[in-house]
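Asker: Below are the chains, spelled out letter by letter.
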Amino acid sequence: MQLSYQLRVAALTAAAIAFTSGAAFAQKKYDTGASDTEIKIGNIIPYSGPASAYGVIGKTEEAYFKKINAEGGINGRKITFISYDDAYSPPKAVEQVRKLVESDEVLVVFNPLGTPSNTAIQKYLNGKKIPQLFVATGATKWNDPKAFPWTMGWQPSYQAESRIYAKYILKEKPDAKIGLIYQNDDFGKDYLKGLKDGLGAKAASMIVAEEAYETSEPSIDSHIVKLKASGADTFYSITTPKFAAQAIKKVAELDWHPLQIVVNVSASVGGVIKPAGYENAQGILSAAYAKDGADPQWDNDPGMKKFLDFLKQYYPDGNRVDSSTVYGYGAAQTLVKVLQMCGDDLTRANVMKQAASLKDFEPDTLLPGVKINTSATDFAPIEQLRMQRFKGEKWEPFGDIISGELKD
Amino acid sequence: MELFINQILAGIATGAIYACMALAIVMIYQAIDHLNFAQGEMAMFSTFVSWQLMQWGVPYWGAFLITLVFSFFAGIAIERVLFKPLAKAPILTQVAGFIALYAIINSCAGLIWDFTIKQYPTPFGSSPFLGSQLISTHQAGMIGITLLMLLGLFFFFRYTRVGLAMRAAASLPESARLVGINTSWMIALGWGMAAAIGSVAGMMIAPVVFLEPNMMLGVLIYGFAAAVLGGLTSPFGAVVGGFLVGIFENLVGTYIPGVGNELKLPIALALIITVLVIKPAGLFGRHIVKRV
Amino acid sequence: MSAAEDLATHAPAVEAVPKRAMTLSAGTTIAILAVLVLVPAFTKNFVIFQLTMLLIYGLAVLALNILTGGSGQFSLGQSAFYAIGAYTSAILMEQYNVNYVLTLPVAGIICFGAGFLFGLPALRLSGVYLALATFALATAMPQLLKLGFFEPWTGGVQGLVVTKPDAPFGLPIGQDAWLYYFTLAVTVAIYIFSINLLRSRSGRAFMAIRDNEIAASAMGIDVSLYKTLAFGVSAGITGVAGGLGAIAVQFVAPDSYTIQLAISLFLGMVVGGVGWLPGSFVGAAFIIFVPNMAENISKGLSGAVFGVLLFLVIFLVPHGARQIAIVGQQLIGKLKKS
Chain Z
1 MQLSYQLRVA ALTAAAIAFT SGAAFAQKKY DTGASDTEIK IGNIIPYSGP ASAYGVIGKT
61 EEAYFKKINA EGGINGRKIT FISYDDAYSP PKAVEQVRKL VESDEVLVVF NPLGTPSNTA
121 IQKYLNGKKI PQLFVATGAT KWNDPKAFPW TMGWQPSYQA ESRIYAKYIL KEKPDAKIGL
181 IYQNDDFGKD YLKGLKDGLG AKAASMIVAE EAYETSEPSI DSHIVKLKAS GADTFYSITT
241 PKFAAQAIKK VAELDWHPLQ IVVNVSASVG GVIKPAGYEN AQGILSAAYA KDGADPQWDN
301 DPGMKKFLDF LKQYYPDGNR VDSSTVYGYG AAQTLVKVLQ MCGDDLTRAN VMKQAASLKD
361 FEPDTLLPGV KINTSATDFA PIEQLRMQRF KGEKWEPFGD IISGELKD
Chain V
409 MELFINQILA GIATGAIYAC MALAIVMIYQ AIDHLNFAQG EMAMFSTFVS WQLMQWGVPY
469 WGAFLITLVF SFFAGIAIER VLFKPLAKAP ILTQVAGFIA LYAIINSCAG LIWDFTIKQY
529 PTPFGSSPFL GSQLISTHQA GMIGITLLML LGLFFFFRYT RVGLAMRAAA SLPESARLVG
589 INTSWMIALG WGMAAAIGSV AGMMIAPVVF LEPNMMLGVL IYGFAAAVLG GLTSPFGAVV
649 GGFLVGIFEN LVGTYIPGVG NELKLPIALA LIITVLVIKP AGLFGRHIVK RV
Chain X
701 MSAAEDLATH APAVEAVPKR AMTLSAGTTI AILAVLVLVP AFTKNFVIFQ LTMLLIYGLA
761 VLALNILTGG SGQFSLGQSA FYAIGAYTSA ILMEQYNVNY VLTLPVAGII CFGAGFLFGL
821 PALRLSGVYL ALATFALATA MPQLLKLGFF EPWTGGVQGL VVTKPDAPFG LPIGQDAWLY
881 YFTLAVTVAI YIFSINLLRS RSGRAFMAIR DNEIAASAMG IDVSLYKTLA FGVSAGITGV
941 AGGLGAIAVQ FVAPDSYTIQ LAISLFLGMV VGGVGWLPGS FVGAAFIIFV PNMAENISKG
1001 LSGAVFGVLL FLVIFLVPHG ARQIAIVGQQ LIGKLKKS
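Protein sequence lines, in the order shown, are assigned to chains Z, V and X. Numbering follows the working numbering, with no gaps: position 321 of the first sequence is 321. Take any residue in the second sequence, note its place counting from 1, add 408, and you have its number in the working numbering. Take any residue in the third sequence, note its place counting from 1, add 700, and you have its number in the working numbering.
Quick caveat, the hints were computed from the structure, so don't treat them as lab data. A couple of the hints might just be wrong.
What the hints assert, rightly or not - Sample of chain V residues with no beta-carbon within 10 Å of chain X, all distances over it, derived:
#1 F478
#2 F480
#3 I512
#4 T530
As the list claims (entries may be wrong) - Stretches of chain Z that chain V covers, calculated by requiring three or more beta carbons in the stretch to come under 8 Å of a beta carbon on chain V:
#5 40 to 54
#6 92 to 105
#7 214 to 226
#8 233 to 246
#9 379 to 393
Being a predicted model, the structure only gives us computed values, none of them experimental. Glycine is no exception: its CB is placed at the ideal position from the N, C-alpha and C atoms.
Required output: the full structure, derived from the provided sequences and hints.
Answerer: Next comes the structure, spelled out in structure tokens:
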């Protein structure tokens, strides 16, 4: 059998070198899902149902791994990417993850999407000691290496982003009257908590109006009317793209001119600002950690050029305006880096160890200056954001790159 | 007081959306005696078709008319191909068919046009209507078009032979057949008209909510509620129902403390059900007397 | 604008299932049961998990069958009772350390009460109006579960993680297999109960109401009592299914119990054959496995493929799996004769 022959040869060579050089030579070590020729990566993402917009992330990652394979793979091994649909339903997520682990026998579960789905599978994966790597949600709870040593996030947490806005408001507009709208789910509530924590004792006095909306509402216009009527002069829009665009449009229609802050998820130029109307979005603030694929200011940036070439060659149906494509590329690139760092030790423990040893890693698609850093006590790879203001037809970053960590 | 009036106006503005959709729902109910879950998706697909035409350079009203005609024939085609074979099957099976249609249309739209939102133009402009910032000219235009459609339907059902034949076929199919009405084609015609009305609803709604494959789900729920509240046998009731639902919802969200904000939809639906318990056929529906 | 009079001699919305055809023959039942008992010995753990979910959803569809197929009341709101049952079990287990077995009857009773209470105002509604009312219930449930007021118990939007029980008395079988057998036992018990219920006087009352409510009331049947009873029983069984579901999935969250679940259960009922209790499990298999099949065929169009497959099924067998069973029985009958 080829595999064991190769292993024997490797072992003999290693022994020989070790014998002659006296130094220990790393042997190939594999857990289920990895071998000399292949690394199996599992993933779950909603391809159907109301959250199917995020399926593009999975398709982008699949295309990215195809590119890596075409370029020789990782240390000579090809990636087999197995991605299943969970329809954003936790029971389905559990079923699909169990299939990935017990039937497809993947090495790691990479970039699973959605807080409910990830909460559902977290205990199972940690119990089986399988990496739940680079979770695709900004919920803060993925950075808990003591309780869940096999779970690691990727993007900046929602609470961290909110705290950055809170810091900004406290500094630049300390007597602001804040009206906010938030999506009534884990996404919205996480951001809300971050803001309140960031404002601290002043939260109660500064927040004059809070509106919650459900994704089943066709239009949030009536909420905006109420917020204007509350007398707020600062408007924090904790919304997903469609509703963010509605809000921007309605605020302009009402001739209301608050300081408007929009969360990063909905800051896409092509996906939100352009449909809402450039003229309506002047002066809006947000924060970013990644480059916007729709923003022409990055067209000549070397990292972005690589991304655009990748889209053209491997994922022509992908829309650069869709921030999901930029996201998927960045996450996949991070995973490839970690796997490369593993060398020939492709055990799950080593994958986690390498993932927790990233130092100043800069994927092609992150903003200049934003770097990925992890350690044994820091399972939040990206923590930095830079605030930006919308002017003309694009975002202008300003200020320093800020870290959203709670250590003040 | 000002807040109250504002909320009423805002409710009328959103209610116009529901009224538009409710009209399409009542239309299909008139033809086939049950509700079509896929109505919203068909409207969404038609709106995408019109958007695509405009991307290819067709001017607004041209795209509007082409889409109207396309939707009419598409509705008939869907009925002939997919639902005529199910005509003898139990109603619940047909409902399953509607759900299947929903899944197919939604999925195809997502594949063809992806899920990023798209701006959709309005022929009425977006400036304040009569100086009020709460109702834009577009929303006024939407209300106008809805009322026009309502009037058209009224005349169609009351004063045309085809309209009369359709009503007959829906309420007493056997008797209708006996007098020579082709009930099967009446159903197809009903589908076509419902699809056309739905497409108008979609094209009116898209400028407000932004065009994307999942835009109609919420609208459909509220449209159903509005149609049922107004009475499924009355297009006029559907339109009134739409505005009432919009206003109800806003007032609930504003004035019921604490939970009103988070439970807007359930409370609105609960109110509608209460109305139904008192008036089982809806506010303007004709009361059905059952004979054994 | 439609007729002011509606002849109630029209075909009822839900067709009657003749009593003889209501269950499978004894032989078939025993054969299926044997297969169900032996299967875990030959398959991987996650297949056992899928089978457990099949039984659980089968129970929920069974409950819907009693309500719609039995008493003719249309419901799109079963996901609400499933959610109540699931959360009851989860809260009792995680916040109050109650043994998982005891949580099921509690879940069942609470849901019975909820269903009964819901059935009361729903008495005056029928057909599409009842559909809307149950739909309202289904959409309200996730939002109720997210309410800040309940957060200390429900965990709010984050939900609750549930601990899976080990096999008792130190039996040497894994957690999945134990839960499967436990679920199987509960399922069989409820199945037998349901069959007996539908064959009993109450069951006949249900069916009389389903076929012709006015005539039934004219004959002296207490329509209100039986209709609300049907709702209650159906909700209770769905609640038990929900509780089992919470234990199997080990997690409850408001977004697990949306209207999509209610629609899936409805589809399961139609595919299995309305009113035919054994078909409930065929329907459950459909709603678990066909979406996976659709995904294998095309990821981007998985919804469309699912819709097409659903259409195929309802074109070929508009009356659901019951039709196949009838054909099968006829074939066996013919074989026996020759």
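Asker: With reference to the structure, classify each hint as holding or not holding.
Answerer: Structure-based check of all given hints:
| no. | hint | result |
| --- | --- | --- |
| 1 | F478 | holds (20 Å) |
| 2 | F480 | holds (21 Å) |
| 3 | I512 | violated (4 Å) |
| 4 | T530 | holds (30 Å) |
| 5 | 40 to 54 | holds (count 4) |
| 6 | 92 to 105 | violated (count 0) |
| 7 | 214 to 226 | holds (count 11) |
| 8 | 233 to 246 | holds (count 4) |
| 9 | 379 to 393 | violated (count 0) |
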